[in-house]
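**Q** Next come the chains, spelled out residue by residue.
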Amino acid sequence: MSEADPEITLETYDKHQIKIPKSIATRSAIINMMIEDTGDVNEVVPLADKSCTLNIMNRVIEYLKKHAEFDNTGADDEVINEFDKEFQEQSDEIIFQTILAANFLDIKNLLELMCKKVADEIKKCKTPDDIRDRFNIRKDYTPEEVEEVKRAHPWIYDKNAK
Amino acid sequence: MVVESFPVPIAIEYDIAVQGGKANSSDRKQARKRPSIEELFTRDRDVLFTVLGLLDPATLARVSLASRSWNALGSEERLWEIHCRVEPLCRNSWTPQTIVKNGGWKKFYANRAKEAKLVQELFNERDVVTFRDLWLTTGEILWENVIGPLIPI
Numbered sequence: 112m113s114e115a116d117p118e119i120t121l122e123t124y125d126k127h128q129i130k131i132p133k134s135i136a137t138r139s140a141i142i143n144m145m146i147e148d149t150g151d152v153n154e155v156v157p158l159a160d161k162s163c164t165l166n167i168m169n170r171v172i173e174y175l176k177k178h179a180e181f182d183n184t185g186a187d188d189e190v191i192n193e194f195d196k197e198f199q200e201q202s203d204e205i206i207f208q209t210i211l212a213a214n215f216l217d218i219k220n221l222l223e224l225m226c227k228k229v230a231d232e233i234k235k236c237k238t239p240d241d242i243r244d245r246f247n248i249r250k251d252y253t254p255e256e257v258e259e260v261k262r263a264h265p266w267i268y269d270k271n272a273k
Numbered sequence: 012m013v014v015e016s017f018p019v020p021i022a023i024e025y026d027i028a029v030q031g032g033k034a035n036s037s038d039r040k041q042a043r044k045r046p047s048i049e050e051l052f053t054r055d056r057d058v059l060f061t062v063l064g065l066l067d068p069a070t071l072a073r074v075s076l077a078s079r080s081w082n083a084l085g086s087e088e089r090l091w092e093i094h095c096r097v098e099p100l101c102r103n104s105w106t107p108q109t110i111v112k113n114g115g116w117k118k119f120y121a122n123r124a125k126e127a128k129l130v131q132e133l134f135n136e137r138d139v140v141t142f143r144d145l146w147l148t149t150g151e152i153l154w155e156n157v158i159g160p161l162i163p164i
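Going down the list, the sequences are from chains A and B.
When the letters of the first sequence are read in order and numbered with this note's numbering, they come out as residues 112 to 273.
When the letters of the second sequence are read in order and numbered with this note's numbering, they come out as residues 12 to 164.
Honestly, the hints are just simulated from the structure, not real lab data.
Among the hints, erroneous ones may be present.
To be verified - In silico EDC-like cross-links for lysine to aspartate or glutamate, where the CA-CA straight-line distance does not exceed 20 Å: (1) B:Lys118 / B:Glu88; (2) B:Lys125 / B:Glu88; (3) A:Lys176 / A:Asp188; (4) A:Lys161 / B:Asp55; (5) B:Lys128 / B:Asp67; (6) B:Lys125 / A:Glu258; (7) B:Lys118 / A:Glu258; (8) A:Lys261 / B:Asp67; (9) B:Lys118 / A:Glu197; (10) A:Lys196 / A:Asp182; (11) A:Lys234 / B:Glu126; (12) B:Lys118 / A:Glu256; (13) A:Lys237 / B:Asp67; (14) A:Lys227 / B:Glu126; (15) A:Lys227 / B:Asp57; (16) B:Lys128 / A:Glu193; (17) A:Lys219 / B:Asp57; (18) A:Lys235 / B:Glu126; (19) A:Lys227 / A:Glu200; (20) A:Lys161 / B:Asp57; (21) A:Lys261 / B:Asp57; (22) A:Lys234 / B:Glu87; (23) A:Lys234 / B:Asp67; (24) A:Lys219 / B:Asp55; (25) A:Lys196 / A:Glu223; (26) A:Lys196 / A:Asp241; (27) A:Lys261 / B:Glu88; (28) A:Lys133 / A:Glu122; (29) A:Lys235 / A:Glu223; (30) A:Lys235 / A:Glu204; (31) B:Lys125 / A:Glu259; (32) A:Lys235 / B:Asp67; (33) A:Lys227 / B:Glu87; (34) A:Lys261 / B:Glu87; (35) B:Lys128 / A:Glu259; (36) A:Lys234 / A:Asp188.
As the list claims (entries may be wrong) - Incomplete in silico selection of chain A near chain B, CB under 8 Å: (37) Asn220; (38) Leu222; (39) Cys226; (40) Lys234.
Since the structure is predicted, the reported quantities are computational estimates derived from the model, not experimental observations.
Each residue gets a CB set at the ideal place from its N, CA and C atoms; glycine is no exception.
Work the whole structure out from these sequences, hints included.
**A** So this is what it looks like as C-alpha cells:
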C-alpha cells in the first residue's frame, strides 16, 4: 500500500485519453497484463474493443474506483449492494456495452453484476410475448412451430390450452 | 435393392433457427429503435451464455418460445448440462449413457419432466395426502419440490 501509485494513461476506442491510478487500472486483468508486458507505466494502454468508448470507460472506472474504496475501507455489504444496485439501473444500450467492456477487460465482478441485471430483466417477463416486447424481438414462429416448441418443454403448461 | 433408412440426426431439430432474416425494411427500422440484445451479443456469444446461464428452466422455456433464434440459444446443451446436474428432477438420475440415449442434456431434462408430469396427473385424481405419503415414503422428492407447481406461460 505504501508504494507509489503511478498514473496510467488509457486510450479509449474512440481515441480519448483517460488517466487513472495504476492500482485502479490493474483491477482489470487485461490492463494489468498489458502494463506488465511493456513494463513501462508511461506507455499509453490502447483499448481495442469497440465497447470501450469514453462514455462506457468512465462508467467502468467509476465502478472500479468505488469498489477499490469499498475494499480499502472494508465497507458493509449493504453499502456495496446499494451502490451495485444503482449502478445496474441504466438503459439497455449502456448495460449491454458495459457487459461487453467488462468481458473484454476481464473484470469478473462487473461482468457478473451486469449479466445478472439482464437475467433479472428476462426473469421479470412472465410470457414469451413479454420477452419479445422487452427485448424487441420479432416473432418469426408459425403456429405449428410454437406447438412443437411447447412440446419440447414439458415442464411448462399452456394456461390457454386448458 | 435394399433401401436403408437412416435415423434422423438429432442436430436437425436444433437447426430450426437462423432462417429468420427476411425482415422487410420497415421491420428493420422498427428493430433499430431499441438496442436488440441479439444484435449486441452476436459479437460475443459467450457473454450471452453467461446471461442465459443465470436463468432457471421455466424462464429458459419462455426464452425458447420467443423466437427461432432465441430457441436455438435456449437449446444450447451446456445450459442444460448445468440444470441436469443440479436440479432435483435430474441430478440423481443422469448418467453419461442416459444422456446419449435421450439425445442430449435438454432432451433428457424434457423427458424427465414429462415422466414427472405423468406421475402428477396420475396422483392428481387421488387425494393429496396419498400423493405426499407415497413420494415421501419411497424416498422420492415431492413433485412441488421437483420442478415446482406447473408454470403457466
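**Q** Evaluate each hint against the coordinates.
**A** Here is what the structure says about each hint:
{"no.": "1", "hint": "B:Lys118 / B:Glu88", "in the structure": "9 Å, holds"}
{"no.": "2", "hint": "B:Lys125 / B:Glu88", "in the structure": "19 Å, holds"}
{"no.": "3", "hint": "A:Lys176 / A:Asp188", "in the structure": "16 Å, holds"}
{"no.": "4", "hint": "A:Lys161 / B:Asp55", "in the structure": "12 Å, holds"}
{"no.": "5", "hint": "B:Lys128 / B:Asp67", "in the structure": "18 Å, holds"}
{"no.": "6", "hint": "B:Lys125 / A:Glu258", "in the structure": "16 Å, holds"}
{"no.": "7", "hint": "B:Lys118 / A:Glu258", "in the structure": "16 Å, holds"}
{"no.": "8", "hint": "A:Lys261 / B:Asp67", "in the structure": "16 Å, holds"}
{"no.": "9", "hint": "B:Lys118 / A:Glu197", "in the structure": "39 Å, violated"}
{"no.": "10", "hint": "A:Lys196 / A:Asp182", "in the structure": "17 Å, holds"}
{"no.": "11", "hint": "A:Lys234 / B:Glu126", "in the structure": "26 Å, violated"}
{"no.": "12", "hint": "B:Lys118 / A:Glu256", "in the structure": "17 Å, holds"}
{"no.": "13", "hint": "A:Lys237 / B:Asp67", "in the structure": "13 Å, holds"}
{"no.": "14", "hint": "A:Lys227 / B:Glu126", "in the structure": "32 Å, violated"}
{"no.": "15", "hint": "A:Lys227 / B:Asp57", "in the structure": "15 Å, holds"}
{"no.": "16", "hint": "B:Lys128 / A:Glu193", "in the structure": "41 Å, violated"}
{"no.": "17", "hint": "A:Lys219 / B:Asp57", "in the structure": "14 Å, holds"}
{"no.": "18", "hint": "A:Lys235 / B:Glu126", "in the structure": "28 Å, violated"}
{"no.": "19", "hint": "A:Lys227 / A:Glu200", "in the structure": "12 Å, holds"}
{"no.": "20", "hint": "A:Lys161 / B:Asp57", "in the structure": "17 Å, holds"}
{"no.": "21", "hint": "A:Lys261 / B:Asp57", "in the structure": "26 Å, violated"}
{"no.": "22", "hint": "A:Lys234 / B:Glu87", "in the structure": "18 Å, holds"}
{"no.": "23", "hint": "A:Lys234 / B:Asp67", "in the structure": "9 Å, holds"}
{"no.": "24", "hint": "A:Lys219 / B:Asp55", "in the structure": "16 Å, holds"}
{"no.": "25", "hint": "A:Lys196 / A:Glu223", "in the structure": "12 Å, holds"}
{"no.": "26", "hint": "A:Lys196 / A:Asp241", "in the structure": "23 Å, violated"}
{"no.": "27", "hint": "A:Lys261 / B:Glu88", "in the structure": "18 Å, holds"}
{"no.": "28", "hint": "A:Lys133 / A:Glu122", "in the structure": "14 Å, holds"}
{"no.": "29", "hint": "A:Lys235 / A:Glu223", "in the structure": "18 Å, holds"}
{"no.": "30", "hint": "A:Lys235 / A:Glu204", "in the structure": "18 Å, holds"}
{"no.": "31", "hint": "B:Lys125 / A:Glu259", "in the structure": "15 Å, holds"}
{"no.": "32", "hint": "A:Lys235 / B:Asp67", "in the structure": "12 Å, holds"}
{"no.": "33", "hint": "A:Lys227 / B:Glu87", "in the structure": "19 Å, holds"}
{"no.": "34", "hint": "A:Lys261 / B:Glu87", "in the structure": "16 Å, holds"}
{"no.": "35", "hint": "B:Lys128 / A:Glu259", "in the structure": "18 Å, holds"}
{"no.": "36", "hint": "A:Lys234 / A:Asp188", "in the structure": "24 Å, violated"}
{"no.": "37", "hint": "Asn220", "in the structure": "13 Å, violated"}
{"no.": "38", "hint": "Leu222", "in the structure": "7 Å, holds"}
{"no.": "39", "hint": "Cys226", "in the structure": "5 Å, holds"}
{"no.": "40", "hint": "Lys234", "in the structure": "5 Å, holds"}
Hint check: violations occur at hints 9, 11, 14, 16, 18, 21, 26, 36, 37; the rest are consistent with the structure.
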